[in-house]
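**Student:** Chains as they are written, first to last, in this note's numbering: chain P, 1140 to 1267; chain L, 180 to 780.
For the record, the hints were derived by calculation from the structure and aren't laboratory data. Treat the hints with care, since some could be wrong.
Calculated lysine-lysine pairs in the DSSO-like style (CA-CA distance at most 30 Å, straight line) [said to hold, decoys possible]: (1) K546(L) x K511(L); (2) K649(L) x K625(L); (3) K546(L) x K1197(P); (4) K561(L) x K1256(P); (5) K663(L) x K618(L); (6) K546(L) x K516(L); (7) K771(L) x K611(L); (8) K1250(P) x K561(L); (9) K546(L) x K611(L); (10) K546(L) x K561(L); (11) K679(L) x K1197(P); (12) K561(L) x K1197(P); (13) K611(L) x K625(L); (14) K561(L) x K679(L); (15) K663(L) x K679(L).
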Amino acid sequence: MNRRILVADDEPYVLRVLIHSLERQGYEVQAVANGVDAFERVMQRAPDVLITDISMPKMDGRMLCQRVQEAIPDRQFLIFILTSRTEIEHREWSAALPNVQFLEKPVSTRKLLSRLKEYFAVRDGAVV
Amino acid sequence: MIIVLASLAVIGFILVELIHAQLNARVTELRSRGVNLMRLLAETPYAQFVSDESRRGILHVIYESANDGQLAYAAVTDLAGKPQSQVAAPGVNIPGIQPGATPSDWLGERTLSLDGAREIMEFHAPLFAEGDIAGHVRVGYFKPMLGLDRQQISFFATLSLPIFLLAPLFYFLLRREVRPLREASGEIQSLIESRALSTVDIRASGELGDFIERFNSLIEFMRGRIDNLEGEQSRLLTSSKLLTYQRMRVETVLQAFPEAILVLDDTGTTNYANARLANLLGCKIEDIVGRKPREWCDDPSLREYLSQLRAKASPAYAAGDLQITLSHAASKTLRVKGYPLFSPKESAEILGTLVVFHDVSEEMLAKRGRGEFVAHVAHELKTPLNVLAMYAEALQGEDGSSEAFRVEAVNVIGDEVARLSGLINNLLSITKIEMGHLKVETRRVKLREFLQDTFDNVSRSGRDANLSFKLELPDDISPVSVDKDLLRIAINNLLTNAIKYSNPGGTVLLRAVETDDAITVSVKDDGIGISAQDQEHIFSKFYRSEDDEVRNRTGHGLGLALARDIVHLHHGDLRVVSEPGAGAEFIIELDKDSGLLQKAI
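In isolation and in its complexed conformation, chain L is listed as follows (with noise of 0.2 Å):
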């Protein structure tokens, strides 16, 4: 197709250029015809132009002898450019025109326009008169076109025709001769499209013969650098991912560590925190990582801790410990290590430091909860034994005749005892079940029979103390699985309260109520009452009352709690209702559904 439209265009340039030097060929001959004639003319005298018997004649002659289509007009004119003679072909009108007033504008060639369409070459030239110039001679010839004649066509059709044979011929002898580079080309082509690397297979002799065995080794030893790149580059991304499993590890490792971490650096820069430690300080690991302790660190302690660890660090430095309380937790307090990382190569090369945060609040919570215990059994110890010891130095002395201060003495020394004993059985079952060592050992038991035995042993004991002991129980009542020895320290406590808080003549009543969902027991007094104050605190461990109507009663604080965690064992409730003043109730409640009573049923 290309080739077809080449040979077209050849042929056309050609034809181009041959009319194109054939015009200038007849411009060139039209001018000299022309530059012939006004020599001529010129030299004929103007009278012979304007006479009555010529006028018409010179200016004919030349008209008919040059009558072959291309003279347009002749004419002479006066000075002014009137016409004095004239001839034209059929149909022209001679364009009038003013002469020129110099000299070197008589004569010449200029282009004209014919009204407008057709293009004239006029000559034109003075005319004398006796040696004067009397007028202008102006010949007008149609100037040649563009135009093709038989002969032309003739011509150029025999031109054309052995190009139009040859280029078929040529187009197939070049594309013969190209076709192994094309299929070289499409085999490239389609290896870009496969993005396989494979040789070219192609028969070709002579220099492409040897371009495509060229291709082909250059495509050869690719194939071999891709391979060993492939190679190396599965191997890097076998280490990298075996390093990112191995960095993995350690991360989640030092995240489930159970204390909180910082590394710093061998510069003091933060490397590395646990999520523990952000949440330690309250803060977020990316605002840690990367930046140095003062950058970051608010409580002025740790941050000087920290530093200082940096300055110190050596092999033969081992960092003290730091006890820190937090500012923006005040509860928490934590015991602060650093620990130099030496390089395993070099030890005395220090990669940084290892902090661990051990968050200590609960321990020393638990430290002074055990203190505050401690310091309280010996007070509560102490007290009934100040006392013994007051008595017996009194007996000793002068006070012993007194035959009143006697029984006195022998009445509290008997009720210190007594005190000092409950205070220890109590302090030893309750430490007993807090630590989880009671074995609770639940048998069947009747309750009414229970509850009765209970409250006849202590209304026995309590009967100096001038009160009334009632006891209101349901004939029938449901068998219960209880632990018999505890369920009695506790309902004890709780006869031995009311006795303790009750008036003189005051009734104590102990009672069982059962409902479809749970068996109630209840001890109710009419003594001096509980505060609201006080009820907040009374089942606690050690809680004395600020109010000396309780105070002058004498307890050991252990009571109460005693009792509460026995109810609790029996997956059961203790609680209070009372006014001050109007004594108060403590009622357990033992749930049916919580298969220690089921059991029993």
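One chain only, chain P, in its complex shape (with noise of 0.2 Å):
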């Protein structure tokens, strides 16, 4: 039972750092510079867990959230939105979104993997 996840960020090194570390805990792990790309990856599969950037070229953060909302108005899965603490706008909109968390920016990879282990512990947890 490989617990997917799709990364998205435009950053090749944030990308480097995100793949290993989250391949090092055993997730399957997908990784895009864009959001036109990780929006497609969604509706091929949908994966455990989105992780975003919201600055990306071609489709940013907050239209590959509010697009996926639109195609899977029933979505299942958590969508991490990474963002700085300075970009407070990016509450406001995803407010009306269900199932979101936001991951700070530099991303801690440590908080970043004890949330995730907290995340599927419940859904899974909850599930049996």
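Join these two chains into a complex; the hints should help.
**Tutor:** Here it is, written out as structure tokens:
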């Protein structure tokens, strides 16, 4: 039972660290560099968790979230939005979306991993 | 002349009157003669006129006794008017006439025309025979005509002589008396013509003397009045000129005032607007002045602001700002501020409002530009910092034990630190250049050696990149006058970009070509190339391509902007030739005529 995580970020080094850390924890990781690719992957096969940056080419994180919400109104998977503390405006639009969490930049992989662990524990515990 | 004519007229008039009177006298005399004759004849029986012996007798006696040339004819007719006896002056045909039927027509006087020429005064009376009317007697006289006989002419001549003699005498006497008046009239005429006001210098006695004296004093009085009026007028003219001058000065100041100005009076009507305001609002001054803002102002918020200025104006009230964006010019942002105008004497009295329109479009644009620049810089600084923070954390954790990850982390950290310092250096240079603080220190540079040196430095650091580096320089190249340090940054940036966007196994070429007019230095790669859309923006600060292929090769978005700024400082040009997938060539063209090169030659 591989937990699948989709990461969308246009910074290659950030992606590399995230992929590296997540794979080490046994997650199956897919990485894309823009919102359009991310949306395509989600529609092909919904991940267990979507981690997305906001500032990305072609389609930004905000648009990605809204498109996903429109396409899959009963979305089950969690979305992590990577944002810095100062960009509070993103909290406003995302308040309307269910099942969304924020991760502050610079992303602490340790924090991310523990949040994921927590999330899966609650989700799978509930299922069991 | 008039006198002569007048005396002639008088003579003529007297003549006509005399002749007329004489004529009347003769007619009257003739009439009494006729009437007396008729009375005499009417008593003579008809038979005596028509008897054979005396038929011609009585009429002949009458004709001959009255033969003074005045009697035209005498005739006796029967009741039918047929002549029974007649006598006439030679050449006279007695006009035939039907006698009247009624007794009242039998006796009387009538005027007849003789052959249509001479007029005849005819007297007629009935003749009786044994108490019954038997016929008529008619006697005709030539009507007296106008005519002068010698006696009359001599009378008139005697009469007209003294008149002719006296008339010139009267005339000269009159003339002598009137002369001062004529002189006065002439003087007055010349006064009118010369438009000068001087007294009349004429000696005259009596009434005329008095008149001239009074006239002169009137002139004196008028002269005084006119002098006063002229003084008054010139004072008024001076003060009005002064006013106009002062008004023009104020107007000039207001027109030259760097802000758009509007003055509203105490009723809220527009009193003044300068040309700058008309320009700004896109309307004509004459359409604004004299009208209230609600009649000319299209912008609802400005209209409301201006009308509220008047309502709230009081010494204590200071109007707040209004920031508006004009509907007809979307790019214009204005800061509007109203200042109440108070009377200098009565500080509570409000004369109106001065409204100043400050065009803040540029400010806003600069502010926005600054904001965007800062946001870009912050973002560009944060991205490598994010990466550094993540790697640092990862190294601390479990990943730190992996040798492979440690190597990778050290490389990434090295890259990101280089990127950060490159960003900061470029940022400082570009800021200096754009603020105009950077001093270009040109020096005579041997281009061949300089390019060789720059090339070696970059190719050495890019040795691991699996690329081949080529340098094509002519053996002989003119020395140039450039700022070595700045130009090195520009060429460095171009070379680093070429390395960054090359594919493994590609070639980076630096070459210089000298022609008669210019020296071109170009950096060419055979890497991923640049799309037409990106080519439009690559020289803009912080431009980031939408292309993943490009974005995977991290840059800080300032290198090309700085390179172009530096080339421009050298009066040169930097352009790009590229096709996606076919590499790119960046060409620096330094014009030899620009002076920078000539100084060195």
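**Student:** Give me the numbers of the hints this structure contradicts, sorted from smallest to largest.
**Tutor:** none
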